[in-house]
Structure formats: C-alpha cells, structure tokens
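Just so you know, the protein sequences line up as chains E and D, in that order. In terms of our numbering, the first sequence is residues -14 to 218. In terms of our numbering, the second sequence is residues 3 to 309.
If you are wondering where the hints come from, they were derived from the structure by calculation, not from laboratory data. You may find that some hints are simply not true.
When the alpha-carbon atoms are kept at most 25 Å apart in a straight line, the in silico DMTMM-like pairs for lysine to aspartate or glutamate are as follows [stated by the list, open to error]:
(1) K250(D) - D185(E)
(2) K85(E) - E200(D)
(3) K153(D) - D123(D)
(4) K173(E) - D185(E)
(5) K250(D) - E53(E)
(6) K85(E) - D138(D)
Quick partial rundown of chain E residues pointing at chain D, CB under 7 Å, derived from the structure [to be verified]:
(7) H30
(8) E33
(9) P90
(10) Q91
(11) M142
All residues carry an ideal CB built from backbone N, CA and C; glycine is no exception.
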Amino acid sequence: MTPRFLSIACVLVFAASVAAQTVPTRRSYDAEFLGPPLADPVLQHAKETFVLFGCAYCHGLNLVSRGEATDLMHSALVGRDENGNHIGPLLRAGIPQTAKLSPMPQFSDLSDQQIAAIVTWIHYARQQGRYQELTATPARAGDAAAGKAYFERSCSMCHAVDRDLSGIGRKYDASALRAAMLDPKGLKVERSFTSARLHDTNLASARQRHQGLLENYSADEVANLVAYLASFR
Amino acid sequence: MTSTRRHFGKVLLAGVSAFAVQSARAAFAQTHPPNRSLINGVQFGLQPFCYHDLAMTRENRGELIRRLVRNGMGMVELHATWVEPRFNDPGVSAAAARDRLRAWRVSPPTGYYRGIRKELDDAGVSVFTYYVNFDDSYTDAEIDATFEGAKILGARGCVGSFGLAVSRRLVSFPGRHGMFLGLHNHDNLSDPDAYASEASMVTGLSLSPDFKMMLDVRHFTAADGDCVGFLERHHDRIAGMHVGDRRKHNGRSAPFGEGDAPIIELLRMVRDNRWPIVALLEFEHGTLRPEVEEVDLMFEYCKRAVA
Chain E
-14 MTPRFLSIAC
-4 VLVFAASVAA
6 QTVPTRRSYD
16 AEFLGPPLAD
26 PVLQHAKETF
36 VLFGCAYCHG
46 LNLVSRGEAT
56 DLMHSALVGR
66 DENGNHIGPL
76 LRAGIPQTAK
86 LSPMPQFSDL
96 SDQQIAAIVT
106 WIHYARQQGR
116 YQELTATPAR
126 AGDAAAGKAY
136 FERSCSMCHA
146 VDRDLSGIGR
156 KYDASALRAA
166 MLDPKGLKVE
176 RSFTSARLHD
186 TNLASARQRH
196 QGLLENYSAD
206 EVANLVAYLA
216 SFR
Chain D
3 MTSTRRHFGK
13 VLLAGVSAFA
23 VQSARAAFAQ
33 THPPNRSLIN
43 GVQFGLQPFC
53 YHDLAMTREN
63 RGELIRRLVR
73 NGMGMVELHA
83 TWVEPRFNDP
93 GVSAAAARDR
103 LRAWRVSPPT
113 GYYRGIRKEL
123 DDAGVSVFTY
133 YVNFDDSYTD
143 AEIDATFEGA
153 KILGARGCVG
163 SFGLAVSRRL
173 VSFPGRHGMF
183 LGLHNHDNLS
193 DPDAYASEAS
203 MVTGLSLSPD
213 FKMMLDVRHF
223 TAADGDCVGF
233 LERHHDRIAG
243 MHVGDRRKHN
253 GRSAPFGEGD
263 APIIELLRMV
273 RDNRWPIVAL
283 LEFEHGTLRP
293 EVEEVDLMFE
303 YCKRAVA
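Could you build all of it, start to finish, from the sequences and the hints given here?
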C-alpha cells in the first residue's frame, strides 16, 4: 500500500465522516404521540394546534390530564362552552391566582383562529372520551319521569314525541335508542363550505347541539332519556 | 547558563509535580470518563420530562437511557418514578398503595439502586439530581431512605416541587447524607408557601447551607423574575438550572429563543465564570416532531450559545 493511496483513503474517510455529520436530521411527524392523521383535515389541524401550543402535555392529548392540570374531560366550564365563549377568554388570560403549583399560563398572543382550533379539539376529544365512557358503562334501567324532564329541557326545541319521534319506542328497542343517542346522525353531518349549504343553519345547529349534549351526558341522563323515549309505543 | 543544586531541585520538583498531576488526571479519566454533554466547560443534562410521549416508569427506564445517549446527554435529573415500583394496581386504594411504597422505600431489595446505577454507568450517564416530591406523608425513615437510594444512584442532591413548609422539615436530612436539597421554583406568585419570587427563594436558601437552588429559568421568567440578576447574586447557592423558555407575565412555554428567558446570557455567564452549575434542559412547548428530535434542536441552541 503506497503512502499516496493511504493519504487518498484518509481524505475520503474524513470527507465521508464530515458529510455524515452535516446531513440534516429529517424532521418527522411524531405518529407515536399524535397518532395517525385524522381523516378530517380540520380536526387534524385542531389536534396539531392543541399539541403545538403545549396544551397536550398538561391536559393530555385525549384529555386524560397529567399531574395537577384541570381535567378537561369533566370540566363544567368546558361543558358550558359554545364555540369558545368560555374557553377563549380563559386561554387568553390564564389563571394566575390558583392554589396549584403552576398556574395555568396565559396565551394572549394566540390568534382567533388558533384559539378556535384549540377549542375545536377540546370539544372533539371530549366527545370521543365521553362516548367511550358511556358505551363502556353497562346499560341500566332509567327513570322515565326524569327522562321527560331532561327531554323538555334539552331536546324539545328540535324534537317532539308527537312529531318526528312519534312511536319511537315501537321502532327501536332500548339498546338501539341508546346507540342512536350516543352516536346521533347530527354528528355525522360533515361541515360544508359550498354556497348551497352555507346557510343550512339547521344542520349546523343540529351538529353543535348534539355535540354539546354528547360531551355532557351522564350515564343516568342517558338511561332516563332512553326510558322516556322507549315508553312511546 | 550555570546550573546550581537549587535550580536542579526546582526542575526536579516541577517534573515530579507535573508527572503526579498527569498521573492523577489519567487515573481520574479512567474512573470518570469525560461526560459527553460537557460543552465548553458547561455541564449539560436533561430533565427527561421533555420526552412527553414516554411515561415516567421504571419499565421505560431502558428506553429513557437509550434516548439520553441518542441525544448526547451524559447527565440526567432522574425522577423517582423512573426508579421505584408502583403499587397502585386496580383495586388498591391510594392509601394502601402509599403505605406499600413507603415500606418498599424503607427496605428496598438488596442491591436494587446499585443495579440501576450500573445501567446508567454502563451507558455513560450520571445522575445529577434525584427528583422526589417530598410532602407531609413522608416519614423521617422514608426521607432518609430516599436520600440514601439517591446517593447510591450517584445523585449529588434531591430536588422536588415543594414549598417553604416542607423545606423547613427537611433541613436536617441532606447534610447527614453528604448531599444537598434542591429547591425548585415554579411561578405561583399568589401562594406564600411557593418558591416563585426571588424573596421566597432567598428565604428557602437561608434555612440551611445544604439547600441549593434548582433555578427553573422558564418558571422564573414567567414569574417576571430577573434570571440574570439572580444568577449574579446567588450563583454560589445554585446547583443547577432547568433551562427552557417561556414568556413573561405567566406566559406560555415556547421553543428556545422564542420566549423571554435569557438562555444565552445565562449559559455564557456559567461558561465564562466557570461556575459549577449544571444546565438541565427541560421544556414544555409543543412540537409535532418526535421528542428526541426536539431535544436535539434545543440542545443545539444551547451548544451554539456556549460555542
């Protein structure tokens, strides 16, 4: 082996090692933490925004909170929120006065769109979580009178047992009623931006209304409502 | 030039001294391999809370160590949950689980901590601090046992999230184990027991010479504290810093350089003054990248700061 060959080999090895060090690390999507991308790009964007601003690290990507963070899955304030009317101002101001070790930070520099995306994810994740909680709970016998009161308070502005729900207890048994309540048609309606449907407020309000109900149902409320509706034969 | 006996003696002495120093260095280098995250005199490490996707359990410790090595970290602040077993099995009440954990801490299996120390040593990772959230539920024997376990792991101190009241109770413990107790500040300025303002931290430090600050730069920035001034005034009582970024006025966490924390100034002060203050990277800002890549990026920011 000649000295010239050796020197060339050394130069090549050095060049290769330098090149290896300067190849930029490929930046990738953390599928392990974030899960596979969702089919709905709006929800995917909402989820990524929730992660990007650090919400997920304390409150949990799927709202299973870590440490001392508020449990958003069961928060009354989140339950009352409509389109960010409660969550938005709280995000902007934070909660500086608290008994917790670390106060909730303020996010005053976020745009309206970013706040809206975070709010969207919180409600969506809460609906998913509540759906899992409720479907995992065995069905129980409900109180039809309490169900009637709930119906009149929360459902009667859109539904009536003598109109669209006439004889509903004859058409569906209790388990089918329960399944329809927890996975209603209203939630399956996709958002549309076509001009023909832009002002379809019925669809929009149905979706929003059912989202609000689903994320706030208790197991007793579901059982009572099923008992009430099943009585219309 | 004439050579006298005195001159010859001086030369001989200098030679022997130089040889002794070299030998000592060589021996030290054999027993203490160069720490891979010692950068231009600044010792970096990681608070592995940054691996948000990795549950802090002893079952995940192997993966933690692999990630630390992958990130070029030679030092870590190890939370007790990476080490201790959990007893909160389904059906076990919180009180019963706590009792069982206490019993385990007081009488850990023989060689338990030494085995973990070996795992870390083999990977070239040393434990700087052991993170334990001491509270009123700890018995004295449990506190002593925790310090003892931490010492076997190689930790120089125990750190935790607690306030002045708990600190007062802990005054006598670190000294008898030859360790320090690290006071970790958060940013709750409304709680008089919390370490958040400079005054509260000074009060805590005054309780014992064995108390040192684990200055959380992120939280102190969010609490509108003067990080640079605090380091200037109290550097001799600061064992380490949690280095990360946040915005002022209880602001949100941000990637390094996007918040209000003076990370570059702080690291350069440590470098230029050769203060033995360990810089533990810790962040809570969100990212869509895998956490190992995010740690790489934040570490690169710090390396440039001390380059």
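Status of the hints after comparison with the structure:
1. K250(D) - D185(E): Cα-Cα ~44 Å, so violated.
2. K85(E) - E200(D): The given pair, whose Cα atoms are some 19 Å apart, holds under the 25 Å limit.
3. K153(D) - D123(D): It holds: about 14 Å lies between the C-alpha atoms, which stays within 25 Å.
4. K173(E) - D185(E): 15 Å, holds
5. K250(D) - E53(E): Cα-Cα ~22 Å, so holds.
6. K85(E) - D138(D): It holds: about 17 Å lies between the C-alpha atoms, which stays within 25 Å.
7. H30: 11 Å, violated
8. E33: For E33(E), the interface hint holds, since the closest Cβ of chain D sits about 6 Å away, which is under 7 Å.
9. P90: 5 Å, holds
10. Q91: OK, holds: Q91(E) within 7 Å of chain D, min 5 Å.
11. M142: Not OK, violated: M142(E) not within 7 Å of chain D, min 39 Å.
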